[in-house]
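Knowing the structure of chain A, use the given hints to seat chain B on it.
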Amino acid sequence: MAQVTLRKVVKAYEGGVQAVKGIDLDIADHEFVVLVGPSGCGKSTTLRMIAGLEEISDGEIAIGGRVVNDVPPRDRDIAMVFQNYALYPHMTVAENMAFGLMLRKFPKDEIKRRVDNAARILDITPLLARKPKALSGGQRQRVAMGRAIVRDPKVFLFDEPLSNLDAKLRVQMRTEIKKVQQAVHTTTIYVTHDQVEAMTLADRVVVMNNGVIEQVGPPQELYHNPKTRFVAGFIGSPAMNFIPGRLENGSGALRVHLPGDIVLNVPESRTARYAALAGKEVIFGLRPEHLTEEKNLERPGFARFPATPEVTEPMGMETLVHFKMNGAEICGRVDPNAPAHPGQPLAMAADLNNMHILDPQSGRVL
Amino acid sequence: MSSTAASPTPFVPAEIKHGSLKNERRWAMIGAYIALAVFVLFFMIPPFHMLMTSLKSSAEIADLSGNPWIVRSPTLSNYWELLTQGNYMIHFRNSVIVTVCTVLISMIISTMAAFALARMKFWGSATLATGVFLTYLVPETLLFIPMFQIVGSLGLYNNLWAMVLIFPTLTVPFCTWIMIGYFASIPKELDEAALIDGASHIQMLLKIFIPVALPGILAAMIFAFTVSWAAFIYPIAFLVSSDQMVLTVGIVSDLIRADTFQWGKIMAGALMAALPPLLVYAFLMDYYIAGLTAGATKG
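Keeping their order, the protein sequence lines are chains A and B. Residues in the first sequence are numbered from 1 upward in steps of one, following full-length UniProt numbering. Residues in the second sequence are numbered from 1 upward in steps of one, following full-length UniProt numbering.
Hints in this document: simulated from the structure, not taken from any laboratory. Just to be clear, a hint being listed does not mean it is correct.
Said to hold, decoys possible - Part of the chain B face toward chain A, derived, beta carbon under 8 Å:
no. : residue
1   : P187
2   : L190
3   : A193
4   : I196
5   : D197
6   : A199
7   : Q203
None of the values given here were measured: they were computed from a predicted structure. Note that beta-carbon positions come from the ideal geometry of N, C-alpha and C, so glycine has one too.
Here chain A stands alone, though its shape is the one from the complex (with noise of 0.2 Å):
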């Protein structure tokens, strides 16, 4: 078990593409860390490049404190599990397991015991004989994780594991795959493009955006305290609503001027963070749950604003409305109860309280 440290790593590719931007990073011992964001961030060759599998174009990457720039992926100690589960198909699954630590000479009772260990942690013990094409996906994936738990690594390295599955069963296997981690407890280090399973997997989430590392923390905290706009915008499903508006200082309160003549007022509580910006252009950020059908007005901080639902989505415990505020596209949650109908108007609130103000030029959140 080892923290893994990056340090200014950059990965440039023959033409002076760069993936990986000179990222700094440093993962905790046991520690959970995901790295999210859309294809083509730099997230799954970062993680290679941990795994050895990818060279460093520049910077340094350590575990457990030994650089490991030009070491070999062997003897890196650590264990990966990709994507498609890349087992090896002649082999049956005990086999599979059992081949990396019969590369390294391990001795039979050992690998036994190990294998039937890793079978029990995932409960594979039945499927030992079976070969990878007589197994479903679910399956493949455990034995994936088998492979690489037998090993008992310093460092977990998952590759997108669950992209393969059918939704029911990755919600299923994410779950897997935090008890798993919470039983062996290594470092483990993951990379998605899914925010759900970045949010619900990690101690801490690395945010990657064109090959820079956007924001580290905590789940509550990326979702809470976003500090750029990408970051707003990619964590959190619906997506935030980003409305363009001017703030304004009237009759002593400072006014958020949306389009459409809508006028809500700041909080109180926010006032003194967003005064010093009265009279400017700015973002305004606003989550689809804090949009909702006209309900506790009685308390600071919620203003009322009327709108036209486009679309309605109905998800069972709540629905999705989708109206239009001058061209933005806006979404918000209401009660399945609420009348919300597609071009009926609907009385809306919004909960100022959990506004954001983002600078409309660098999209830092102010």
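Just chain B now, with coordinates in the frame of chain A:
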């Protein structure tokens, strides 16, 4: 820029034929069976004629009055004489030695070459892979004169082992090409998983690539076997004494004397010579077709 105004065409619904899918399928099957039957008949005529001739005595063959497709008094004397007299068994043994050695050498060289060219990306590897294939396109009828000089200077003229040296030049390029394709189809993650598991490149080749690419390797083996077993130009150019000859040249050299053709024995010899390839195909076909990569990745 010029633009052409398209005249509006009135919408005409396509005529819908109400034929059942089942009927269409049946007719397709009948068509396929007829085509296959004609094909099989066409290709079975020569071996059938060979079999009939091999079962006739020389006198019956020489007698042109009867129907050539029917044997009047069948005899196994042609087969028996070939197996007990003359050099046929020596030619057979020579063919086996040359073919086994050629297949072994070809497989060792082309498996390693294909692994290197498919997986170990190095400067010029793509050009080299194409180059390997291009050498296969040079016909042996062009090469046998320079080859003759090489074989002569090595002192291997009229020596069976010259074939073991030369045949791989015919088989290795194409076998390598077949295997590059197979190796390239193995998911990259499989060797990455092996690398992380602690395998060296040679372990990766022996423990992962060869077992997984077995269908491809068998395809290449069948090719090498066929080329080596059926080669004619090099053996007839380089082998002159009967005890060094392989089957392809041995049969025509020993059983044709001037204008005397021992047709019965020639046919019997050719039929028996065709048996090993037949057996190899029969036993390896299933392996050859089976896709062993099933289950390696999502699928």
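Each hint tested on the structure:
With a cut of 8 Å, the hint placing B:P187 at the interface with chain A holds, because the nearest CB-to-CB distance is about 6 Å. Contact between B:L190 and chain A, as hinted, is supported at the beta carbon level, the nearest pair being about 5 Å apart and thus within 8 Å. Because the closest C-beta pair between B:A193 and chain A is about 4 Å apart, less than 8 Å, the hint holds. Interface restraint check for B:I196: the shortest CB-CB distance to chain A comes to about 5 Å, inside 8 Å, so the restraint holds.
The beta carbon of B:D197 comes within 4 Å of a beta carbon in chain A, closer than 8 Å, and the hint placing it at the interface holds. Given the 8 Å rule on beta carbons, the hint for B:A199 holds: about 6 Å separates it from the nearest Cβ of chain A. Annotation: B:Q203 was flagged as interfacial toward chain A, and the flag holds, the nearest CB pair being 7 Å apart, inside 8 Å.
Hint compliance for this structure: every hint is met.
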